[in-house]
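Q: So you can see what is in the structure, the chains are spelled out below.
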Amino acid sequence: MQLVVLMKQTFDTEEKIEIVNGTADEQNVKFIINPYDEYALEEALRLREAHGGTVTVVSCGSDRAIEALRTALAMGADEAVLLSAESLQGDDGFAVASALAKVVEQLKPDLLLAGLFAVDRGAGSVALQIAERLGLPQAAAALKVEVKDADGGNANAAGNSLSPSGASWSGGGVKQVAVVERDTEWGVETVEVPLPALITAQQGLNEPRYPSLPGIMKAKKKPLKQISASELGLAADDLAPRTKRVALLAPPVRAAGRKLGGTPQEQAAQLADLLQREAKLF
Amino acid sequence: MSDTEKRTALVYAECAEGALRRVALEALGAARRLAGDGGSVHAVVVGGGASAAALGTAAAELAARGAEVVHVVDDPALAGFAPEAYAAAIGAAIAAVQPSIIVLGHTAAGRELAPRVAAAVNGGHIADVTAVDVDDDGGAAAIFTRPLYAGKAFEQRRFLPGAPQVITVRPNNLPVAEPVAPGSEGTIAALAYSAPPLWTIVRDVVRKASGRIDLAEADIIVSGGRGVRSAEGFAPLEELAAVVGGAVGASRGACDAGYCDYSLQIGQTGKTVTPKLYIACGISGAIQHLAGMSQSRVIVAINKDPDAPIFGVADYGIVGDLFDVVPLLTEQFRAILQKPGP
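So the protein sequences, as listed, match chains H and E. In case it helps, our numbering puts the first sequence at residues 1 to 282. In case it helps, our numbering puts the second sequence at residues 283 to 624.
In short, the hints are calculated from the structure, not lab data. Possibly wrong hints are sitting among the right ones.
Said to hold, decoys possible - In silico SDA-like pairs for lysine to any residue, Cα to Cα no more than 20 Å straight-line:
#1 Lys144/H with Asp538/E
#2 Lys30/H with Arg70/H
#3 Lys558/E with Ala279/H
#4 Lys280/H with Val580/E
#5 Lys225/H with Ser87/H
#6 Lys558/E with Ala255/H
#7 Lys553/E with Trp186/H
#8 Lys259/H with Asp603/E
#9 Lys288/E with Glu350/E
#10 Lys175/H with Val484/E
#11 Lys244/H with Leu442/E
#12 Lys280/H with Lys558/E
#13 Lys586/E with Ala568/E
#14 Lys30/H with Ile17/H
#15 Lys244/H with Thr412/E
#16 Lys558/E with Val253/H
#17 Lys280/H with Leu619/E
#18 Lys244/H with Val416/E
#19 Lys558/E with Gln276/H
#20 Lys108/H with Lys148/H
#21 Lys553/E with Gly122/H
As the list claims (entries may be wrong) - A short list of chain H residues far from chain E (calculated; beta carbon distances all over 12 Å):
#22 Met1
#23 Gln2
#24 Glu42
#25 Arg46
#26 Glu49
#27 Ser62
#28 Ile66
#29 Ser87
#30 Leu107
#31 Lys175
#32 Pro211
#33 Lys218
#34 Gln226
#35 Ser228
#36 Glu231
#37 Leu232
Glycine included, C-beta positions come from ideal geometry on N, C-alpha and C.
Only chain H is shown next, with the shape it has when bound in the complex (with noise of 0.2 Å):
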């Protein structure tokens, strides 16, 4: 099967963000691997090794993401695909979900994946503008992804029968389906989904790999194309942002408070009465 993974590069969660001059700072940072998207690699990876077929990285970002491809590569990825982020005006994800469509529908994967978020910007957006745009069903924060041949009579207990999934190279009817195991507010779901379609990773799904070494040397021989927006026959507006940042703040600082003092027993009490009458919230 043809497996495409999105995946974005983004500050080490270890980094302290400073802002300078209206954006956060970029010198002697650390990158990686958006962590939900690590997720991702490896559930693709390991579909891979039970079905068959190829794994597509795709980011969009600067050069510095060929990295971050490299290592998904060491990873066990079989090629990569990087959008020029300088070709897309501003950091919308509008533009950039638009792009990225074009170059996942050239790609017809069976299965997309993608992280759940990611940890910098944090809205879980493209992913889905994704899905949208090529007509894919999505199956969100994945716990637990199993891939098999759709059954004959395709209906499950409820008598509530899958349509097949809207994407343009789907060629109609259910061949396969993904039963997806996935986290929400009211609790684990499992649904089910018709491939083509769109599964986005939550922690716990797997536990990511390391490359390995002959994986490192490897991955330098394995094929990564670089496109920009331009190439992919994209209308102006298509391509246009929706929205623009007017500013990026620092969080207000929080000042470290006062220790209570005593036994258990008069740092309990008092803490709750500060809480009740200082705080004011009973």
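Knowing the structure of chain H, use the given hints to seat chain E on it.
A: Chain E in isolation, oriented as in the chain H frame:
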């Protein structure tokens, strides 16, 4: 739509277990401000099957709080949450209302719907909004504040003119819409809907214990770290949370150690929360965890290590063993909450 035209806002008013969620009223409050004095606000409620009866109650509340028209989409296909089907229902309301801005809650469902809705209308999406600044001319040039890096920084964004606008608002951060004067309530109208191909089928839901409060909406969060030492170590935290009507959260350390589920994790990977009261028990306060909770209104830290970084952000700190302190605190609150306040 040009920004000088009369602004119309559409709210997707999320229901859970048939009841309107508070975040829906917060979204309605934001929508009223964004529509401005001369604008209008519509709402859409979506459901079907067993939840359908409650849609009317939800619609009435929205109408009483400033929605001019509440569109009710009631269809058996919408009995369970299927993102494609719900997005299509919101799409039907968009087609009917032609809004300049669409407001959803930044909940699990809202996070799944908003990007699809934005892409469907070729619009922009500003997610996880914690503050809305509207100028005298109304919402056309509104500035939206949202956290970056889970709260290590904030950005202010605005929409560029012309494109449809979609925002999701973080629960617990914006004021709810107040009731309108009696007699000026809105109207309720059924909205026709034809189900799209039902792509996603829900086969099974293992529900969380009933009555459990979602972290994003909790006013009080009692959170545990490696200091709880085991899955059973969460028991005193759960008891305290139950007594104060709060939710239980965790640090990554506790999740990685297998003491609890990742769905409870608060931090840069995990959830960003802004409750009124955050009680951190046995949590050292790694930078990733602080990112996820340091915007809480009041922070309490209970930790054996007096040098733990968590004390650097806590309003009130107790240096001590959580297994001694938490049960005592539970008793204190049980006593306070059982008798009338001072």
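Q: Between the alpha carbons of lysine 288/E and glutamate 350/E, is the straight-line distance 20 Å or under?
A: 14 Å, holds
Q: Is the Cβ of leucine 232/H more than 12 Å away from each Cβ in chain E?
A: 16 Å, holds
Q: Taking 20 Å as the top limit, are the C-alpha atoms of lysine 108/H and lysine 148/H close enough?
A: 19 Å, holds
Q: Just to be careful, I want the Cα atoms of lysine 558/E and alanine 255/H compared with a cutoff of 20 Å; is the pair within it?
A: Holds - the C-alpha atoms of alanine 255/H and lysine 558/E are around 17 Å apart, at most 20 Å.
Q: Lysine 30/H and isoleucine 17/H: Cα distance at most 20 Å?
A: With Cα atoms ~11 Å apart, lysine 30/H and isoleucine 17/H stay inside 20 Å; holds.
Q: Using Cβ atoms and 12 Å as the threshold, tell me whether glutamate 49/H really stays out of contact range of chain E.
A: Since the minimum Cβ distance to chain E is about 24 Å, glutamate 49/H lies beyond 12 Å and the statement holds.
Q: Holds or violated: lysine 553/E and glycine 122/H, Cα atoms, limit 20 Å.
A: Holds - the C-alpha atoms of glycine 122/H and lysine 553/E are around 10 Å apart, at most 20 Å.
Q: Does methionine 1/H really sit off the interface, with its C-beta more than 12 Å from all C-beta atoms of chain E?
A: Non-interface label on methionine 1/H holds, nearest chain E Cβ at 18 Å vs cutoff 12 Å.
Q: Just want to verify: proline 211/H was marked as not at the interface with chain E; is every Cβ pair farther apart than 12 Å?
A: Holds, because the least Cβ-Cβ distance between proline 211/H and chain E comes to about 20 Å, which exceeds 12 Å.
Q: Between the alpha carbons of lysine 225/H and serine 87/H, is the straight-line distance 20 Å or under?
A: 15 Å, holds
Q: For glutamine 226/H, is the shortest CB-to-CB distance to chain E above 12 Å, so the non-interface label stands?
A: 25 Å, holds
Q: Run the C-beta distances from serine 87/H to all of chain E and say if the shortest one exceeds 12 Å.
A: Per Cβ check, serine 87/H is outside 12 Å of chain E; nearest 18 Å; holds.
When held up to the earlier numbered hints, the structure conflicts with none and fits them all.
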